[in-house]
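**Q** Here are the chains, one letter per residue:
2 protein chains.
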Amino acid sequence: MPLADALADLSRLMNDELARLLPLPEGSEARLTEAMRYASLDGGKRLRPFFVLQGARLFNVAEQAALRVAAAIEMVHCYSLVHDDLPAMDDDDLRRGRPTTHRRFDEATAILAGDGLLTKAFEVLAGPATHSDPQVRCELVWELAAAAGPAGMVGGQMADLLAEEREMDMIAVTRLQQMKTGRLIGFSCEAGAILGKAPHPQRQALKAYAHDLGLAFQIADDLLDVEGDPALVGKGLHKDQAAGKATFVSLLGAERAHAQAEALAAQAAAHLDVFDGKADLLREAARYVVDRKL
Amino acid sequence: MPLADALADLSRLMNDELARLLPLPEGSEARLTEAMRYASLDGGKRLRPFFVLQGARLFNVAEQAALRVAAAIEMVHCYSLVHDDLPAMDDDDLRRGRPTTHRRFDEATAILAGDGLLTKAFEVLAGPATHSDPQVRCELVWELAAAAGPAGMVGGQMADLLAEEREMDMIAVTRLQQMKTGRLIGFSCEAGAILGKAPHPQRQALKAYAHDLGLAFQIADDLLDVEGDPALVGKGLHKDQAAGKATFVSLLGAERAHAQAEALAAQAAAHLDVFDGKADLLREAARYVVDRKL
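Chains as they are written, first to last, in our numbering: chain A, 221 to 514; chain B, 221 to 514.
For reference, chain A alone in the conformation it holds in the complex (with noise of 0.2 Å):
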């Protein structure tokens, strides 16, 4: 199965570059150091770095540049986890099958590597071993900005935080979802493409694909809220249902919105029809957020 070959070692590739772009220092801030590896390092399925790898082979993007920015995105990745993970928030005790930071740290730790990953994922993408360009590197740092900011990731926390209070349909849910999720992997599966300077079409094209398999993971993670099992997935389950959220399970039941995201991502795939062979493992890996187990 070339995917989770492909998932595998580039586990190993991420964690040795988060490893070193994480150097533990000197001093009474080690434990700052300690804290953000802790919940960067050795877990996750590592989609996010998945997409830009697989995004910047498309265009021959060295491998070092993408591995970069792949760190950068996963770190921002792991800092929103950290902070949604925190007792003010969905107070989860367990993540990737660990203590969640603030349970193996403490809270005030917790916070500030939240925030140290967030800001490091900024220097990494501006420092010039990024790309030659610094138009380039501009973009990357404006776009994840743009994806992870208030009119994105930080957005559509609020308004899940929100969500227990009022009522939502499939517009608020969808909308909601896009911010929450949909527009960081929006930016894994374009990263590539700015990288290589890519033409306009193909850029668009990785852009659809990722709309489409964005939605398609996030109905497949109200599925496993609701089937998954505990042992596999490494949190707690059954918690949008318990405060009585709206999901696409809860709006769509869950037959329909297997039905629902088994179309979107067959959709995402054929997206990827611009490329040749080269995009075989991110068509497979449309299949994959729909049929994993964790």
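Fair warning: there could be bad hints in the mix.
Remember, identical chains collapse to one label, so a pair may be satisfied in a single copy or spanning two.
As the list claims (entries may be wrong) - In silico lysine to any residue, SDA-like type, Cα no more than 20 Å apart, as pairs:
| hint | residue 1 | residue 2 |
| --- | --- | --- |
| 1 | Lys465 | Gly247 |
| 2 | Lys417 | Gly448 |
| 3 | Lys417 | Leu492 |
| 4 | Lys465 | Arg251 |
| 5 | Lys417 | Asp353 |
| 6 | Lys427 | Ala479 |
| 7 | Lys265 | Leu227 |
| 8 | Lys513 | Leu443 |
| 9 | Lys417 | Gly347 |
| 10 | Lys417 | Pro354 |
| 11 | Lys465 | Val356 |
| 12 | Lys417 | Gln355 |
| 13 | Lys498 | Ala228 |
| 14 | Lys265 | Val356 |
| 15 | Lys465 | Leu382 |
| 16 | Lys417 | Pro348 |
No lab work stands behind these hints: they were computed from the structure.
Note that the coordinates shown come from a computational prediction; the quantities given were computed from them, not determined experimentally.
We have chain A; now place chain B onto it with these hints.
**A** Leaving out everything else, chain B in the frame of chain A:
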């Protein structure tokens, strides 16, 4: 008093710029932007923006560009205050004479508002309106991230939280303060030189000014914590003492701390000898940071 007038003028300009950069969106995430505006509008001395604008004037940088950079730095400064005030950190109820962001809204909203301000700052810097040369924008992003990240402000806050548990001498306290406040003040003073592509010696002069002024500022802050008028300062006092934390005042005594702040302020101003009358307000600011009552 020209400095007071300049600071008052700048406060208005800064408010307008921040309000323009943080427009209230539709939808439930409007609460997030409200909190971001609450944390950044109508408050503070705007010292960092002042340094940016005065530095930029030395090199005839367009005011609009300087205002954007100043707004980005102020967003980062304000985010750090919002997170530092959280119950898990310094647990402060009052800031600038008003309830802290988590008291006015709630903890989750405050965490996200901080995250949003930090992210937005990088979006602003990377945007083409900041400078026509992407190399300059990348340098601004990189320098801000380095100043605010684990080797700078966030690392300093971590060290500060751990300071209660360990003995600290002058070297350790100085290092902590350089990280926690010095680096961002340093970037504020240097930003104009980056925007204006200033010659190396002039940029170094501003850096040296910032270094001494930053330390003077911090010593004055420690003195205010002991000697200040709570009604003027607008935040809780005597917190370091209560926590048994080493400060410049506890290590030097009030008298020597005053003398040290004075000496550093004079030394800071002396670094500006390479500039003509255009640097007069910066010279005056070196006095202001040690004489201020808030």
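**Q** With reference to the structure, classify each hint as holding or not holding.
**A** How the hints compare with the structure:
Taking CA atoms no more than 20 Å apart as the test, Lys465 paired with Gly247 passes between copies only; the shortest distance there is 17 Å, against 44 Å inside one copy. In this assembly of identical chains, the alpha carbons of Lys417 and Gly448 never lie at most 20 Å apart, being 40 Å within a copy and 56 Å across copies at closest. Proximity of Lys417 and Leu492 under a CA criterion of 20 Å is satisfied intra-copy only: 18 Å inside one chain copy versus 44 Å between copies. Taking the closest pair of Cα atoms, Lys465 and Arg251 come within 20 Å of each other only across two copies (19 Å); inside a single copy the shortest separation is 36 Å, beyond that limit.
For a Cα distance limit of 20 Å, the shortest separation of Lys417 from Asp353 qualifies both inside one copy, at 10 Å, and across copies, at 18 Å. In this assembly of identical chains, Lys427 and Ala479 lie within 20 Å of each other by CA distance neither inside one copy nor across copies; the values are 22 Å within and 60 Å between. In this assembly of identical chains, the alpha carbons of Lys265 and Leu227 lie at most 20 Å apart only when taken from the same copy (7 Å versus 50 Å across copies). In this homomeric assembly, Lys513 and Leu443 come within 20 Å of each other (Cα to Cα) only inside a single copy, at 10 Å, whereas the closest approach across copies is 58 Å.
Taking the closest pair of Cα atoms, Lys417 and Gly347 come within 20 Å of each other both inside a single copy (18 Å) and across two copies (18 Å). For the homomeric pair Lys417 and Pro354, the shortest alpha-carbon distances inside one copy (12 Å) and between copies (16 Å) are both at most 20 Å. For the identical chains of this complex, Lys465 and Val356 are neighbours neither inside a copy (40 Å) nor across copies (45 Å), given an alpha-carbon limit of 20 Å. Proximity of Lys417 to Gln355 under the C-alpha cut-off of 20 Å is found in both arrangements, the shortest distances being 10 Å within a copy and 17 Å between copies.
Taking CA atoms no more than 20 Å apart as the test, Lys498 paired with Ala228 passes inside one copy only; the shortest distance there is 19 Å, against 59 Å between copies. Neither within a single protomer nor between protomers do Lys265 and Val356 lie at most 20 Å apart by alpha-carbon distance, with minima of 27 Å and 36 Å respectively. Proximity of Lys465 to Leu382 under the C-alpha cut-off of 20 Å is restricted to the intra-copy arrangement: shortest distance 10 Å within a copy versus 39 Å between copies. For the identical chains of this complex, Lys417 and Pro348 are neighbours both inside a copy (16 Å) and across copies (18 Å), given an alpha-carbon limit of 20 Å.
Hint violations for this structure: numbers 2, 6, 11, 14, all remaining hints satisfied.
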